[in-house]
Structures are given as C-alpha cells and as structure tokens.
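A.B. asks: The primary structure of each chain is shown beneath.
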Amino acid sequence: MTKRTYRNASVAALVLLFLLLSPLQDKIDLQRKQMGFEQRLLLMPGQIAGSLALGGFKGLAADLLWLQVEELFHSGQSHKMLPILRSVTFLQPKFITPWAVGGWHLSYNISVMAKDPNEKEAWIQAGVDFLKEGITYNPERYDLYFELGWTFYHKVKNYAEAVKYLELACKFPGPDYLPNVLAHAYEKNGQIDTAIETWREILRSGNSFGHLSPRHIHNLKTYGSTITPETPKKK
Amino acid sequence: METNEKAAALRIEGLTKIFHLGRNKNVVALDNLSLEIKEGEIFGLLGPNGSGKTTALKLVLGLLFPTSGQIEILGRDYQNIEVKNDIGYLPENPYYYRYLTGPEILTFYGRIFGMTKEIIKERKEKLLKLVGLYDQQHLSLKHFSKGMLERIGLAVAMLNDPKFLILDEPTTGLDPIGSRETRNLLLDMQAAGKTILLSSHYLSEIEKISNRVGILHQGKLLTLGTIPELMTQWKAEDIEDLFIKVIEWSKQS
Amino acid sequence: MVKAIVIAKNTFQESLRLRSYQIILVFALLLLGSSQLFSFLTPAEQLKMIKDVSLSGIEFFGMLLAIFASMTALRSEFETNTISTLFSKPLKRSDFILGKFLGMAMVITLSIIMMSVVFIGLILLKQRSFEISLFSALFLIWAEMLVIVAITLAVAAFASTAFTLIFVLFLFLVGHLTGYGLSMAERMKNPVMHVVARFFYKIIPNFENFAIRDQVVVGGTVPISYLLKTFGYGIIYAAIALIICLYFFRYREV
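Chains as they are written, first to last, in the numbering used here: chain E, 246 to 480; chain U, 48 to 300; chain S, 550 to 803.
These are calculated hints, taken from the structure and not from any lab test.
A hint or two may mislead.
Derived Cβ-Cβ restraints for the label pairs, each shown as a range [claimed, not checked]:
| no. | chain 1 | residue 1 | chain 2 | residue 2 | range |
| --- | --- | --- | --- | --- | --- |
| 1 | U | K267 | S | E802 | 49 to 59 Å |
| 2 | U | I65 | E | K272 | 43 to 53 Å |
| 3 | S | V744 | E | K409 | 15 to 25 Å |
| 4 | E | D271 | S | Q585 | 54 to 64 Å |
| 5 | E | K416 | S | P772 | 37 to 47 Å |
| 6 | E | E378 | S | I662 | 38 to 48 Å |
All of these numbers come straight from a predicted model, not from anything done at the bench.
The beta-carbon is built from N, C-alpha and C at its ideal position, and this holds for glycine as well.
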C-alpha cells in the first residue's frame, strides 16, 4: 500500500467511526437526561472544590464542602452554612443528607434565632421550599417527603399538608415508622377513620410498631385520639 | 541468470537517503549507493563514523525509508515483510528487555518469528552454547556486560536460521578472544551457505573474514572489491593504509 | 494477532516493573486506605465519603497510571533501541501497536482490580454488603482508562514525553467539560457558534459519559443498556485513537 492510499484509507476509517460515534453520543445524552444525570457547573474561584468540580470529581467536591457544613454547625455558625449547603446540593442534587439537614436547619435552628415573628415565618417557609426543591431532584425516594411532612406536622402544624407529604413518603420503601407518623397526622387532621385503618394496616403488615396498634385503635374509637385524657386524681 | 553464477543476496541500486532536519537543513546520509552482494559472500562495509554505514543497513532492513533507489533482498522486494523471515540482524550496541533472561529473550523473538515451541526450545539451547551463554541462563539481561549483550544479540540474529545476516559493528565490546570466536562463528555460517553483510570501523576484523569490502565516506561508496584487488589498485601496504588513501583521495576530489 | 499478543505480554511484564507505575499504585492504595480516617462523620456519611474518595481516587490514579505507563511503553522502545531489533523481524507495525494497546489494557485491568479489591474491602468492613451499582461505576472507570491508554499511545507515537503528558491531561479535563461548553455555546446568539460547538462536542472524547459514580454513590442504579452504550462509545473512540496512532507510526523511521 502506498503512503497516499494508506492515508486515504485511514481518513475514511476515521470519518466512518466519528459518524458512528455521533448518534451514539446523542443516545447517551438522552439516556443521561432520562436518568437525571444533569451536568451542573459550579465555579467557585479559589476553592479546591471548584477545581475538583471542574476535574469531574463533583462527588468529592460535595463531600469536602459537606465537611465544612458539619464544622460550621458544630461551631455554632449555622447561618454561614447556607451558601455552602446550596453548593453541595447544586453539585450533587441526589445527595439526600444536605437537603434534609438544610431544611431542618432553616425551619428549626435558624428560625428559632429570629426575633421578629415575620422573619421566623420566612425562615420556616425557606426550609419548606428547600425541601420541596430537594424533592424535585429525588422524587423516587421517601426521605425528603418524610422530612417535609414532618416539618408541616411538627413545626408548621399544617396537618393537611403533613398528610399529603407523609402519604407520598409511604409510597416508597422506607423505615417502619413512616406509616406510624402518617397515622398520627391523619389523627391530627381530623381523619380519625383513616387513622384507625392505618393502624390496622400497621398491625396486619407485621410492622415493628404493630404492638402499638391495638391501644391506638381503642383510644381513637373511644376518645377520638391516641392520647387518653388524664384520669382525674382521686382525692 | 547463468547457472554457474551465484544469485544476489542483496541488490542495491541508486540508493539515496536525505534527512530533512529543519528549514534548509538537509543531510545527505547516503548518496546514490549501488552494490550487489552474492549469496554465500561475506561483505564488509567500512567507513569512519558518520559515513552512512548504519544508514545503509537500516534502509535495507526497512527501518528507514529511502529518498530514492531500489533494494532487493534474496530476489524479493525489501518491503515484503516475509523477506524478514530470512534475515538476521544485530544492531550496533544491542539492547534488549532488561528483565528477561537469555532464554526468555530468544523465546520472545522466536514467537515473533512464529516459530513453534519445539523449534524454539531446540534452537535456544544450541545457540546459547554457541555464543557461550549457556551457563548464564538464569541471569537477567540487566546483569549482562556489553560483551554478553553482543553475544546474546548474535544469538537473536541467528535464531531464525537466516539466509542473510546483517551485523552492525559485531565485535564492539568484545575482547580479542571474543572477537576471534565471533569471527570463527561467522566463517562457519558462511560455510553453511549464509550471506553476511557486516559493517565495522575495525579494519583488521573486516580484513580477516570479508571476501569483498566497500569503503563509504560521507554517504558515497568510494571503492569496492576484494582486499588484494584494492591493495593493488590503491598501492596500499595494509588495510589501514588502503583506508587512509581512499579517504584522502575522496577529500581531495 | 498472535504476534500482537506476544508484544502485549511483554509490554505487560515490562510495565509492572516500572518504578513510576509502582509508586503511583502505592499512592492509590494509601489514599483508599486513608478514607478510613473520617471517623468523626456519621456512619452513613463516612460510607459516602469512602465511596467518593475511593472511586475518585481509582479514576484519578488509574488515569495517571494509564498515561505514564502507556507513554513509557512506547518511548522506551525508542530510547533503548529495542525497536530496531523488533522491526527487523517479520512484525507488522499494526501488530506492534495493537500489542502495546492490549498490554496496557492488561496493566490497567490489573491496576483497577487491585484498587477495587481494597475499595470493596473497605466497604464490606463498614456495611457488610456491596451494591452491584458500584461495580457499574468501576466498569465504566475501566472503560474510560482504555480510551486514555489509546489516546496516550496515539500522541506518544509522534510527540515528546512532556507534550504527551500535558496534552492527555488537558484532554482529560476538557473531556469532562464538553457538555458545559456546548450548553454555554448554545446560549450564544451566533448560530455559527452552535455549529462549531456541536462539532467539537462530537469530536472531543466525552469522558463525562463514563461518570456515573456521583449518582451511584448516593444509591442510584444504572441500567445495563447505558453501560453497553458507553462501553461501545469507549471502544469506538479507542479505535479512532489507535488508527491515528498507527497512521503516525506506520511510516515512522526507527
């Protein structure tokens, strides 16, 4: 084969292979999108995290930032955590812990520090919004539905919303206490019959909290609540 | 071809090699070289350092590509890869994979030739004894002296029982006894019908075994013939004198 | 093909003896071990840390090993002149290049297996089970390294050691950012930029395809169809690099 022929054959082979590659890349891109593997660029000049993120080691960058969050919390500087939390969730939106912990910090620890009631409300709402955002990236897991449901139940005391999110949490594999908390939320939301039915299901399914069911069902039927009224003290 | 005339083991015609080293910097390493080596001949290529000896050998082996000219080895185009099954090559300052032992090196190259295990085994033993490295079988090449490397190189060159041996400075690094052993080996190979092309700047070595010699200088073949012919032609007393006279003449013309 | 395997075996054995290879491997194993130090985190966080550090480490050190060992595999033949003896034998240049690639593939495979064994050991120490999805991440890291080997051989076929190292490292970085580059270019108004960006996106190896560990580490799974597509991408790109390598090598004087 002459040099020229060889060159032409090589070029032809390369063109053919690149032509094969192009549609394959498109298919890969599509599947990545479907799987939620978005590419997110975070430029943090001067930080190790920045160069690591750019080097393709986003998970490691998220971990390093997460370590900083831990340290700030333990040293009582929770308010400094927020931008870093944001970075961690930006780099690795499927990393559940920052969403859960972030939501908790906003609705609980930071709101408690605010003196103005309106400001308190705003921080609690910020926590709720943060968790809702986390859910959009992790819609197939119980974790953040539960966190949000719990926030509505315990902090916001909006039991209708609590029920809504706890129901969603129970749709996915999760720990045994999920239906337990949902049953309490039904109760608080005035859905006594649904609460009773839930406790029955907890018992039937062999849930580890099943031993509580008979008592709770009895109390709900008798008092409309799982908490019995105080027996007046005998004089 | 007449029946009483030996076939050409190597035929070179108008071989030129120009190295382009940069803008307007060209080096003519070989200038219009033509020569023929008959089968069964030992041909010595002489010349000072930088005369083009190694370039010529590398062109024949297809390690370098000619700027112009034709090369035919054993009647076939030199670019035909099958021709290499019949060639043995010993480079200048041979070097092999350090972590291998002598037998392992021979096995490696044997497999490159596509030789069977049995043939490799048989030849390995024979060759190691021939080059005097049989007792150092377990030594890896990183512990070999220069002389030992030359000897294993010779074994590698002879591994495929080649018809045509090309040796670049085969006695470099060998002591007088080693040199004599190598010379005797080459004469034995010639007796077995092999053709040998060797290049050297050790004039006395070449004189002792070559049937014909050619003297290269600055890429040009200055003279070619048997040593007695050349001595007469150039009125030289010995080979050293011949060499100097030829080089001087070339410098003047 | 048989001769390519002879070259491959020799390349494999030579590479394992390289000082630079051994040093990089030791560092890699030390790094993996060091992820045990994060005991102040919760067990779940520590597990995530081990997974992130280990997989990132395996990829990073795998890349260094791939580049250094591949570069040396080719350059050393020239520096020691073993190449002139090789090509004086009936050995096609294509068999030589293929053999170098296969030899390096064996080196990378062994390296990744060694690092993976340590990684799996660390995970089992912590949680007594190992998610199958983590194997997917290791598989794609391996595939990515094969592409890097092929690219390194291609560049080393005509360039100096320093250039090869810098170029391949640079390509590794750029290869992780092509997606970003494309999305940034597509936000520009100039349609010519879109075409140019799209062209470069398709030409430059997209190493981000192989990046699934960030998702796998937080419990995500990856379907086999994705693994096959990406592996196919890797093989095609490696073939492209090897064709380029052979093109430069075939008429290279020795």
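A.B. asks: Please go over all the hints and tell whether each is borne out by the structure.
C.D. replies: Structure-based check of all given hints:
1. The hint said 49 to 59 Å for the Cβ distance between K267(U) and E802(S), and at roughly 21 Å that hint is violated.
2. The supplied range of 43 to 53 Å is met by I65(U) and K272(E), whose beta-carbon atoms lie about 51 Å from each other.
3. Between V744(S) and K409(E) the beta carbons are some 48 Å apart, a value that contradicts the proposed interval 15 to 25 Å.
4. D271(E) and Q585(S) have their C-beta atoms about 42 Å apart, which leaves the hinted 54 to 64 Å range violated.
5. Hint check: K416(E) to P772(S), Cβ distance near 22 Å, so the stated range 37 to 47 Å is violated.
6. Separation of E378(E) from I662(S) is about 40 Å and conforms to the stated range, judged on CB atoms against 38 to 48 Å.
Of the numbered hints listed earlier, those contradicted by the structure are 1, 3, 4 and 5.
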